[in-house]
Structures are given as structure tokens and as C-alpha cells.
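Trainee: The residues making up each chain are set out below.
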Amino acid sequence: MTTPPPRLHVVTGKGGTGKTTVAAALAMALAGEGRRVLLCEAEGRQGIARLFDLAPLPYEERRIAVGRGGGQVHALAIDAESALIEYLDMFYKLGRAGKALDRFGIIDFATTIAPGVRDVLLTGKVYEAEKRRDRDGRHVYDAIVLDAPPTGRITRFLNVNQEVAGLAKVGPIRKQADAIMSLLHSRRTKIHLVTVLEEMPVQETSDGIAELSASGLPVGHVLVNLVRTSPLDDAARKAVLAGHLDAGAVGDTLAAAGLDGTPGLADALLAEGVAHVERLDLQDAQRAVLAGADHPVVEIPFLTDGVDVGALYELAGHLAPVAGSTEDDA
Amino acid sequence: MSPQRRNADRGRMVRGDGGGSSVLPLDVDAVIGDPTTRIVVCCGSGGVGKTTTAAAIALRAAEQGRRVCVLTIDPARRLAQSMGLTELDNVPRPVEGVGGTGSLDAMMLDMKRTFDEVVEAHASADKARTILDNPFYQALSSSFAGTQEYMAMEKLGQLYAEQGGSGGGSRWDLIVVDTPPSRSALDFLDAPERLSSLLDGRFIKLLLAPARGPARLFSAGFGIVTSALNKVLGAQVLTDVQTFIAAFDTLFGGFRQRAEATYALLQAPGTAFCVVAVPEPDAMREATYFVDRLSGEKMPLAGLVVNRVTEVAGELDADGAEVAARQVEDADDETSARVAGLLRVHASLGRVREREDRLRRRFAAAHPSVPTIAVPALPTDVHDLDGLRTIGSLLTRPA
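Chains W and R supply the protein sequences, listed in that same order.
In this text, residue positions in the first sequence follow the working numbering: the first is 23, and each later residue adds one.
In this text, residue positions in the second sequence follow the working numbering: the first is 73, and each later residue adds one.
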């Protein structure tokens, strides 16, 4: 039996792996014709604004791009302080007291040290956006992508329930946390882990998968970013590494093509070739580790020219399997 | 071929300009060789190799005769093992296999434990228990964004105190610190201030008021506030907060004092900050912020370490290599196909390097007085002392 595709995509990953870039590309991939996707960030870094070359995003949903299939990508930078004020206003009509809270530094207090409150507020805003419907009863957003905290903190971040347990055993905060948890644990949610094919990020990804699974949180894809490709085939890679391609022969070939005016070129090319193949072998070894993790893996190539808004469409193309995933949830 | 040998070969072939020939070279050997340097702080955004850089600097200093303690935050598992960081007891342990006349101790920060120890050291046993058991303290010590940064600074202060100032008979004469993988490189400078302003805040003063005396401080506004909080959080929560604050009250002054002392220590001339980056837009932007911030705060900046710089050998540029690859390919034999492949590898390295050079030139143009060293990307991960030695020698390679 096929289940409906997930509506909430949580994207985590180790620092430096390109988590925000991948989250943005996934939002573009999800924004097919007639669809609306919300891309959220929750860490106050303004990474989305930088990536799309926009002024810092306010606490307000706005359209930032057209998706790969012609749909709309909206963005929202969630901050806990604004979320708390909005929450209080929505549920308690606090008015004057709301302002007093701010004046007494309570907003600051509640969002910084009250255990888990910050995370309940951040995930709570995502929860609200996921549920929101228009006048005709249709979901306002067809999908939501959350650029979430890094792998090391993700389980704690999503386990809002446990976090507020010490704080609130009953009451509205607890009820809110329970509602959020039911979304995060459902088939409507997938948590994707961004990594690169290097030892430490792959290790952290495996640890992250184990932690998320142990908490009953639904792991989606492993998104392998910055994958190096090679113009050399397997036989050529072996020959380069084994030193079977000698400098003399390379030099003769270069000379035949009229490239004899650059001394040391053959040696330089061979040294680069060896380093290149070593890097590819390291990638292969880490790829094998990920293959053992039992979660679907999608690879996203390293772009020689760097990532700009145009490149996001290209990356979005590679994420089609994630965006269109209607896999069996057996 | 050994890594050392290969890097020596590369050293000869590298193009000299490295993203800006007018850049002042950062001489790490001069920094660690100066006996008045007592603290080296490695900072930068996440995933740029801070821990490896800190460990490499520490090992090199030790092997050059200094008695070094390195404080790491979150080392890769194998690197941690190679440094003997298997016991998590929050104290420095000697690293085996260090050559030369110096010594190297290493430790990995346990932030909760560091915080607990501060509480235990500064409160009576009863009061300490009350604090340690309070849910607000538990959140503060394990998940407050900034606690890790704060505790790294706290631990640095403790290690420095153990170092004993004069350096004569003390255990260490150089402390190398790695900073936490913050969402932003600036967090660790702000964390002590954020924590102490939070604890000194008006709200907390008001909460403490009933414990301190007459309730006249309860303004009408505060009444509304407490009733609103009770509504949202439940009555038990405010009681927990008040218990926590009351118990913690006596420690506030101490916290602020310690934060200020560490801050002053960081500004002292015996400290050297190394900002670590990789040649990618986000990391270089963070490095720029950090350098500006350090100079704004009058913190002594040693320079910028740019890790994982793409190495390109020879004189042939990317476009030339691409054209050559097409020419060579015409010959249609196995060797030619492979040489064309190598030329394409060279072309793509060249293009990546051009992009990296652009970023580094921009940084250098904005910060002409900041010494910089570029560390080439190694094809494999660093997870033993030999790997750290290789990085150490690359950190001091003349530009």
C-alpha cells in the first residue's frame, strides 16, 4: 500500500556539509506546478537570505523563488521570541500583559533558559504552518522544508515532549508539545540527513540515524552533498594510483598535442591524479558505510563553480527522488 | 609515497600567489616559539577544521619543547583515540608518542560536568544539591545555547590558573583551546555576557524579591505577568524558577566575576587568536566577522588559517587544460584518453582554485594587515599524530 508523500521535510546535517543549500534545493524540487512550499529556518543565521541573495528575512512568510516545476517557494525565518509573542497573542489575547512580559525580560527568559520552551516554540511554528488551511479547507502549503539544527542536536530539538517534561507536566505548553510530537512521529514527516563523503560527517550521520530511530522519529533520506565526480574510468583510476602511467609516456602524449612548452606538467598532472584518485577511494569507502545504513541515499554533485540561485535548480533536479517519494512505509 | 614526501613535492610545485601575493604570511612557529605566548585560541565557524588545527598547533609546540595542554571540544572519534582521549573525566591526560623535549596533555570538554563542578565549588553541599536537582539548572547546564561556549571559557580559566602564571615549575606553559562548533563564530565571545545578563535580568530580580524582603517591589505590572505565566506554564513552573533563582543567587556575583576575568585574559598580550576558515563563502564571511569583532574587542589576533585550500600544480590554467584535453583526446588511444582525463582533473581543480582565490583576495583586500596561512587540502582524513605533524608543518610552510 502506498502512503501519501510526507508534508514536512526536516533537513539536518553536520556543520559545513551544506545543509541550508540542500534544504533550499529540496524546497525548489518540491515546488512543482501549482504547489506552494514553505522553507523555514530556525537558528537565526539568515542562511536562506544569504543563499538567495536577499535582505534578512523577517518573521513573516514571503515568496522568494519559483520552484523547479513552476510552483512557489516561500520562506520564513522563525525566531523563538516572535513565536512566543505570536503564540501568547493567539491563544491568550494577552494584550497589555504580553507587552509587560517583554518589558520584564520574560520573553528573553522563557526563550533562553526555560527547558525546551525555545524548541517547542520553533517547532510549534512549523506545526502551525503545516496545519494551516485556507477558506476552502485546503492546506495553505503543500509541503514544508525545515532547515533544522545540526545532527548533533537534532534529536533533542525534535523531542520537544521529553524536553518540556521536567518543566510542565500538564498545561498548555505540554499540550502543544504533545501535538507537535504527534506530527513529528507521523508519516507526514521525514527527517533527512545531509552529509559529505568524509569520515567524521558519515560517522555523525550514522549516529544521528541511530538516535532518531531510537526516539521513534522517522528518518527519510541520507542526502550526500558535494560528491566529486571523475573524468577517469575505473581502469584509469587503478593505473594512476599504481603508477602504471609514467611521466615519460604522459609527456610524449602532451608533446604530441603541442603541449611541450610547460616543463614539469606531466609530473604535476600525475601527482594531481594520484591525490584525485585517493580522494575518490576515500569517497567510495564512506559510500559503502552509508550503504549499510539501510536508508535511501541520494547523491548531489560538487559544483566546480560554487552555488548560486541558478545552481539551486540544478541541485533540485538531483533531489527529485526525495521530492517525489511515495515509498511504501512498510 | 609518504604523506610528508608528497607534500614536500607539492610545496615545490605550488603556484606562489596563493590568492594574493601581497598577503602577510602567518608564522605559526613564531607564535608558539614565543615564550610569552601562553594561550592560543582557535576559532571559526563549524566544520572548518578547528579541532584538527588546534591539535596540530599543540603537538608542534610540544615537540618544539613547550609544555602544552590542549582543550578540545568535539574531536573526531579516531583523532580523539589517537590522542588518548578515551576517558571522559574532564581533566587533561598526557598524550603518548610525543617526540622532542616538551610535553602534551589533552582533554575533551564535558560542559555539564564543568558547570556542576563550578556549582559544587562555590555553594554549600546542601545548596549545591538543590541547584543540581532543579529542572531549570539542568536545562541551563545541558542545553542553553551558549553554555558550551561559556564552559569552554570557564575551563580555560581553570587551566590557566593551574598553569600558575609565571610558568616556572608549573605543569604547562602553553594552553591551546579549540572553540565550540557554534552556529556562529561569534557566540563564544558573547556567551558569558549573555548568561550573566540573563541571570542579572530584571525578571530574575523581581522573582527574587519575595525571598529578599517586603513584597513592595511587586508592581501592578508584575502581578499581570505572574498570572499570565501561570496560565501558560502552570503554577509549579514559577515555583521551580523561584527555587532555582534563590539558590543560584549567591553564585551570580562569582559568575560575573569569572566571566570578566576570562574576558580580560583573552585580551592580554599572552593570548593569540587564530581564526580558522575554509575557502567557501560562508566560512570566509564568518572569518571576516570574527576578525572585525576581535579587533573591535582589542583581542590579540595572530592571523587567519585557511584550511582545505585546493592545490593546483604547474602553470597550465583551467581553460588551457580543457582545450588541451580535447586535443589529446583526438589521438584515440588508451594513454591519450587517460592523459585527457588527467588534464580535466587539472582543469576542474584550477576552476575551484580560481573561485577560492577570489574569496581570499577579497578577504585580504579588506584586511591587509591580517597574516594568513593557507593549508592545502589533504586527500585523506587526519586521525593520528603523524597526520597532525603533517598539518603542523603545512601551518608553517612559507607562503
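These aren't lab readings, by the way, just hints derived from the structure by calculation.
Be careful, since some hints might not be right.
Going by beta-carbon spacing under 8 Å, a handful of chain W positions derived as facing chain R [to be verified]:
#1 37
#2 278
#3 287
Reference listing, derived: stretches of chain R covered by chain W, where coverage requires no fewer than 3 residues with Cβ under 8 Å from a Cβ of chain W [as the list claims (entries may be wrong)]:
#4 405-415
#5 420-428
#6 445-453
C-beta atoms are modelled at their ideal positions from N, C-alpha and C, and glycine is treated no differently.
Trainee: Taking beta carbons only, do three or more residues of the region 420-428 of chain R come closer than 8 Å to chain W?
Mentor: holds (count 5)
Trainee: Is the hint on residue 287 of chain W kept, meaning its closest Cβ partner in chain R is under 8 Å away?
Mentor: Cβ of residue 287 of chain W sits 5 Å from chain R, so the hint holds.
Trainee: Hey, does the residue 278 of chain W contact hint survive, CB to chain R under 8 Å?
Mentor: Holds, because the Cβ-Cβ distance from residue 278 of chain W to chain R comes to roughly 7 Å (cut-off 8 Å).
Trainee: For the restraint on residue 37 of chain W, tell me whether the closest CB of chain R is nearer than 8 Å.
Mentor: Since chain R brings a Cβ to about 3 Å from residue 37 of chain W, closer than 8 Å, the hint holds.
Trainee: Against chain W, does the region 405-415 of chain R show at least 3 residues with beta-carbon separation below 8 Å?
Mentor: holds (count 9)
Trainee: Okay, the region 445-453 of chain R and chain W, do three or more residues pass the C-beta test at under 8 Å?
Mentor: Per the Cβ count (3), the hint holds.
Going through the hint list in order, the structure satisfies each hint without exception.
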